[in-house]
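Colleague: From first to last, the protein sequence lines stand for chains A and B.
Using this note's numbering, the letters of the first sequence correspond one by one to residues 1 to 512.
Using this note's numbering, the letters of the second sequence correspond one by one to residues 513 to 1056.
These aren't lab readings, by the way, just hints derived from the structure by calculation.
Backbone N, C-alpha and C fix where the C-beta goes; we use that ideal spot for every residue, glycine too.
Straight-line Cα separation of at most 27 Å, DSS-like style, residue types lysine-lysine; simulated pairs:
| no. | chain 1 | residue 1 | chain 2 | residue 2 |
| --- | --- | --- | --- | --- |
| 1 | A | Lys390 | B | Lys637 |
| 2 | A | Lys319 | B | Lys691 |
| 3 | A | Lys390 | B | Lys536 |
| 4 | A | Lys118 | A | Lys165 |
| 5 | A | Lys345 | B | Lys737 |
| 6 | B | Lys634 | A | Lys390 |
| 7 | B | Lys634 | A | Lys470 |
| 8 | B | Lys637 | A | Lys462 |
| 9 | A | Lys470 | B | Lys536 |
| 10 | A | Lys470 | B | Lys637 |
| 11 | B | Lys691 | A | Lys462 |
If you want a taste of the chain A side facing chain B, the calculated C-beta under 7 Å gives, among others:
| no. | residue |
| --- | --- |
| 12 | Phe421 |
| 13 | Val443 |
| 14 | Phe457 |
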Amino acid sequence: MFELPSGAEIQGIIASVKASVGFFIPEIYLSLLFMLLIVVDLVSRGKKNNLLSITTLVGLAGSLFFIHQQQSMQAGELFFGMYVLDEFALFFKYFFVLSGMLAVVVTMADEQFEREVKSMGEYYALVVSMVIGMVMMASAADLLMIFLSMELVSFTAYILTGYFKRNARSSEAALKYLVYGAVSSGLMLYGFSLVYGLTGQTNLIKIGAEIAAQGQAHSLVLTFASVMILAGFGYKIGAVPFHFWSPDVYEGAPTPVTAYLSVASKAAGFALLMRFLFVAIPQGSSPLSTPSGLNWITMLMVLSVASMIYGNVVALWQKNVKRLLAYSSIAHAGYLLLGVLVMGKFATQATLFYLLSYFLMNFGAFFVVILIANQTGSESLDDYRGLGKKMPLAGAALTVFLVSLVGLPPTLGFIGKLMLFSALLAKGSVYLWLALVGIMTSVISLYYYMLIPLNMFLRESKQNDGREMKSGLIAQSLMVVLMVLTLYFGLFFTPLSDFARYSSAMFGVILH
Amino acid sequence: MLSLIVFLPIIAGLIILAVPSSQKQIIRIVSLLAALAQGVLAVMIWRGYNPSLPGITAAPGGSPLGSFQYVERVPWINLDLAGFGPLNIEYFVGVDGISVTMVILTALVSAIGVLSSWTIQKQVKGYFILYNLLGAAMMGCFVALDFFLFYVFWEIMLLPMYFLIGIWGGPNREYAAIKFFLYTLFGSVFMMLVMIGLYFSVTDPVTGHHTFSLVAMATQSNYIKDSILGPNNEMWRYVAFIALFVGFAIKVPMFPFHTWLPDAHVEAPTPISVILAGVLLKLGTYGMIRINFPLFPEVFQAGMYVIGIFGAINIIYGALCALAQQDLKKMVAYSSISHMGYVLLGLSAGNSEGMVGALYQMFNHGTITAMLFLLVGVIYDRAHTRQIDKFGGLASHMPHYAALVTVAWFASLGLPGLSGFISEALVFVGAFSSLTTRSIAMVAVLGIVFGAAYLLWSLQRMFLGQRKPDAAYDLVVGEDGHEHIHFHDWNGKIDLDGRELTMLVPLVIITIVLGVYPMPILGMLTSSINRLVEVLSPVVLSQL
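With the hints as constraints, model all of the structure from the sequences given.
Modeller: Listed below in structure tokens is the structure:
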């Protein structure tokens, strides 16, 4: 039965934990920030000011410093292999904290919060808690840690989605999100248990070694388990056929939450997916070879193609801008999966680069949608008519973001697609057909993305009051900054690409 | 020099951005000044151009950059691709005989387009910003020698064009604008894949790294033997050629990818039609000459016959469609399709005569079609209709207009003494002297007859005879006892006014001068074309 560890063992464990804590500072810091926010909320309750949001913003910015400090540390395992620290994890930590900050800024600009809710205290604390969960997802290297961090993110996301308590759509979205989330978590957990049954390990690296040793002996069980696990990850990244929650949730949730979910939560799913597949499943020497008997590349191909086609085609009929962007985000999950399934150093670089570009353009698009909704109170495509004249700057910015989402130069989105397709073609003609599906669907996507500028610029508004609509100065300048960055990095993308290349190193696996 | 001519419109656009939108006249003048400065630069480039240097590709034993002129080459993007070594993208521009003629054409047509845009009243500021952006992108395409740079310019053109048709266009503009956008994007995404494939297949002879340089790509010895588009991968080279060709053919537009063009033209405002027909269509055939053919010469050799057939279909089908049109502008649009067919036919001949003819036809078509669309715009401004049978007997009331229309129409149908004749003649000389295309040329000659038919017939219906009962104008007897023409809702001059003459007369002069003495353009083309023919010839290929 269970044996009590000896004194020396306990001392060893404590020493190891102590050593690991030094590599865990950003997470500890963020947890403290979470608690601080609750205190600040208690102290400042009832007063109308920006104290909470500013504290969150500054606090999150502070965590960047601690993450930056980790950059000089040696990549390695922490807490007995529960957690790893490597360049790949750091990339996502930056990514999640920055998107958390943007979510805060976007929330400050959204006037719907003032109408719908009385208190914002929990909101910012929850945003921070979601950042903590995602930061942990980026580093999780153990099945238990993966599950725990994912659940932390999911639960926070359910609450944030339903934050507009009196808004029926918001509540409906939260409930749907919860139901789908519960099912896919359950499936994933079942998959984890099968993997544990096969290998007797929960650590990804050890699982990888065990599966490699077993060869193809249990390929059927492994495949079954992986399908289950993919359901969990697929749900987070919003890929077909695990996407059913996303249009409703994206439409119903407060727009900043939608933006945050569509960028950060998706990226977190990708971080886990890549780490799991690359580390835990032994890789073959050539594309499409499967030493473990698990053909996950084909599985991802199916998911990717289905997402690209379904997302882009169904988006054609959408009448609500947020819903349209939801389908577009399904399609983008498909594009990102292309980079995952090629599996290599360059492909990983391309995927990370694409995530960065998606970060900028998607946040930008949602931000403009919020600014427009502030003025018109609507996210319906019909109400965008003639807005180009009333809000020329917002119209121009939104057009840039959408063009970037289509993937046209000179925007960042183009470089992202270029890198992804280059990664596909770099492997010769094996993946050419995937690239073809990718480009064909991006031509389709042009049509629905252009519906928005079409309504804004080509059509006249129904009630033409000639009123010029102006957003606040801060909101406008943030919009311009995002737009300029999208264009600037579209022409001079070396820094982002170098960062993505640096970050493509993953502990415990050597990518080729 | 080239950077200046490319980015001048962008600078003008930025200045316009700072001008308040109520100052319409200032905005127009800034655009005009930029266009004129571009024209001056184009003339300087033309004067300083040394026609004896061929360009096209690096000569064996010569500089690896080839004999391009006005070359500017700076590293633009340098980064490490994980596992693939450095990725180098250069800002690499330069001209040879082929591009320098197109640069001159672009500068000319852009300037005339600005004048023609004077009548735009709606959202003037936005219009000229987009117009200048479009102008910069077009110019950039013609001078870019790096595939990546070319592609960026190529795609930047789409968005301004979409809005220019979509906002300032006719009643059915939404449909036309998105159709244009989708068609062209459809073609260019394939181009992107080929571009990536070429990047992995070609190394720079100097640095040994992969490169996007079109000059390096045009030398077959720079290809890695077993790479995806390398010489050992014949099948993929065919696929890549077809993909590129379709991308460019959509722009030309070549049958069966032509259907966006009549829609776009009918909806577009006059200046945009002028730009579209005058410059944008040339980009399709320019892309073929600059990229498609020299990069895959053996596929070109194998495909000449097919290209020729498509050229002939374009000529005859375009002419027949033009014959059937009631709308004058649609007729001119289909005539564009027909005339671009001559370019394809000339290229497919693969010999110097045909290729020179094709290039010269590109230039002439640019000037002549610009004139045709301007003239259509003149009558549309006055009568608010373009239905051919709503006119009749205009010649006696609008003599200047009638005279210019006659010159333009005759230039278009290829009357000797006007520039169109020389280029069409050269195309046919080339097509007949090549055994591959001889039979096609025999059929395609019919196109000239049809061309004469629709042009002369429309001329007769509109300008000769008497006013029709349901005409778009009235005849009123003036104080002097003569009958005068009266258009509804038109207070300007009945015949051409000063601005319209300023746009049209230079084009007429160019058409006549180049019809009598074509050497200014042909002289610049010949050595480049000879080099191109050499690069494409089977003899050279067999030595590889």
